[in-house]
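Build out the structure end to end from the sequences listed, making use of the hints.
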Amino acid sequence: MGHSELQKELAASAYVASDALAMALHLSLVLGRPLLLEGPAGVGKTEVAKALAEVRAARLIRLQCYEGLDAAQAIYEWNYQRQLLALRASEAGSEDAVFSEKYLLKRPLLEAITQDTPPVLLIDEIDRADEAFEAYLLEVLAEGQITVPELGTIRSVAPPMAVLTSNGTRDLSDALRRRCLYCFIDYPSRDAELAILSARHPGLEARLAAQIVHTVQAIRREDLEKVPGVAEMLDWAAALSGLGINDLSDDPSIVAATMVCLLKTAADRDAMPADVLARIIGKAA
Amino acid sequence: MTATRFPERASGPAERMAGFLAHLRMNGYRTGPAETADALAALGSVTATDPGAARLAMKTLLASGEDAWRGFDDLYDAYWFNTGKQRLAEVRADHIRTQAARPTLWQPHLGEDAAGADRGGTDDARPDAGEDEAEGTDGRLIATRTANMTRRDLRELMDEDSLRAAERAAERLARALRDRRSRRQRAAQRGQRFDMRRIIRASLARGGEPLDLHRRRRSERPLKIVALCDVSGSMTVYARVFLAFLKGLVSADTRTDAYLFHTRLMRVTQALRDHDGLRAAGRLSLMAEGFGGGTDIAGSLTRFNDAYAAQAVGGRTVVIILSDGYCTSPPGHLSAALTRLRKRARRIVWLNPLIGWRDYAPVARGIAAALPHLDAHLPANTIEALGALEQEFARL
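The listed protein sequences derive, respectively, from chains A and B.
Going by my numbering, the first sequence opens with residue 1, and the numbers climb by one from there.
Going by my numbering, the second sequence opens with residue 286, and the numbers climb by one from there.
Derived from the structure by calculation, the hints contain no laboratory data.
In this text the structure is predicted, and so the values were computed from the model without any measurement.
C-beta: ideal position from N, C-alpha, C; glycine also.
There are no misleading hints in this set.
Here are some chain A residues the structure puts well away from chain B; computed CB gaps all over 12 Å: (1) L194; (2) A239; (3) M272.
Listing some non-contacts, in silico: residues in chain A with all C-beta distances to chain B over 10 Å: (4) S13; (5) K50; (6) A57; (7) A192.
What follows is a set of in silico ranges between Cβ atoms, one per label pair, in the way DEER data are often shown: (8) E139(A) <-> P336(B): 31 to 41 Å; (9) L496(B) <-> N79(A): 15 to 25 Å; (10) A326(B) <-> A89(A): 51 to 61 Å; (11) T169(A) <-> L496(B): 39 to 49 Å.
Shown next, in the form of structure tokens:
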């Protein structure tokens, strides 16, 4: 199976992947290497993992990273309370009994390693976790095994397909970058965005879809603090079709009101007054 | 078009691939023998007859960051299609993020600079004129950054003993900022408080007797420094000291980030961190093309906000701007750029070499616009002044 087949399969589950992304996914499946996705917010990095899970009919296990994420939250933890209760209940209970899988709380990474069929492991916003965790993750991803001191090493039967996303809050370590395949996802081109819109909202009128995409692309070229991503574009399209609008130039006031879907800061709202918006939409029509 | 040129002894795909990896390495990629094997394996799993697929496969495998990702196609063409420089110029044009057109306001101030610029220009033009030069390159990009701006050799600015004082002052300053504590507790050997959860858990193995005592302590939350140094014409006299100062800041802490700006902004952290002093100087002077020209503080800060701030500046970052505040763009722009930076950064400190002067008042339009957004506006005209900053920074 080549990368173009994978691209078609992804398209069937309503994810429009660029050639580069399809190739990256294909290679990561073939070579069994984790895939690191970078790019601006809202270009569909997280969606990649969901779509991949759907295509491969695999389970999606998600680890959302945040500052201060530690091993106990990401890998495993002993269920201390249960262990204590078990010891109290059986007075002669030996220590070995409480260090069994029964008392192990599986967190996403251990969960992903112990599956029978390869799951898709999504490690979201890895740049938010601190460096120490990144180093630990490296070991898990490279060796496909986790060592629990009291229990021994747990080896993965079916190595997970790991997808890591990063927003660039912090530079990732070279070691992690080297382990991973890399794909930078940028804002889509006009045609690609149209394809995404028609895949996600098949019922949308072609004329309105073209107007929406054109307008969003024009807004992205403006000097904004938070540039609207694909997700915002889809939200906006849903809002417009929900309001029953067929042509953007029909009712400027409603269009201006729906800008809440695209512009997410006060400064950006000020930067796009009604007349600027009207001009952009006028060009799109 | 000439035939693809590989090193003569390269016989099979493995050696050609090794050559390509070496070519990438020369252009700043971190690739090694393991990557060569991976690249060959990756090629085995794509349709080998499809050149586009091969390119994408290698790009995915070998590029490991945004910059590498964007520059990969040029390097790929240069090696496998032996395009050399002429092609590069065309390819560059359709990238959006590559350097924008040179601002018109930059002009060489001095006669020698202008002469140097001219010389640079003709040097650049020559390989383009005939194909002979491009042929003998073994498909390597000779120089990826040959803008014909004036280059001032920073080597003479760097290796003087007296600059060590500035460097030491910077190191002390960085240390003053590093000593911060978090509210959150972490397990630690010699913490101040007991970690009851771990004590009870450890007591299980001892029949319920808490024999092993575990402790916790508040972890360190150091402040990170991001330094932006003005190297425009008006700052030339201070440039030596400030570069040494930057070097001190960068070497004191691995997370410090340093940038130079005049009409453009460039990141110099990696260059300053280079252990090989001479190579560092070489890299710096490559970066400081146009060193000694005009200043566009607002434009540089805006560029910083757009390109680097998301990654470099966070809630625990002190931004240090080293500049005299003479800016060619309207003061409103500077004010807007600082407002945006303000939202991300914890503190913004402006070190101004002019403050030490007698009768100096911040009335230049640029600095007047900037003042309301600054947490501190401190003197930096002498080494002693830099040394005295330590107390000021401890308070931030």
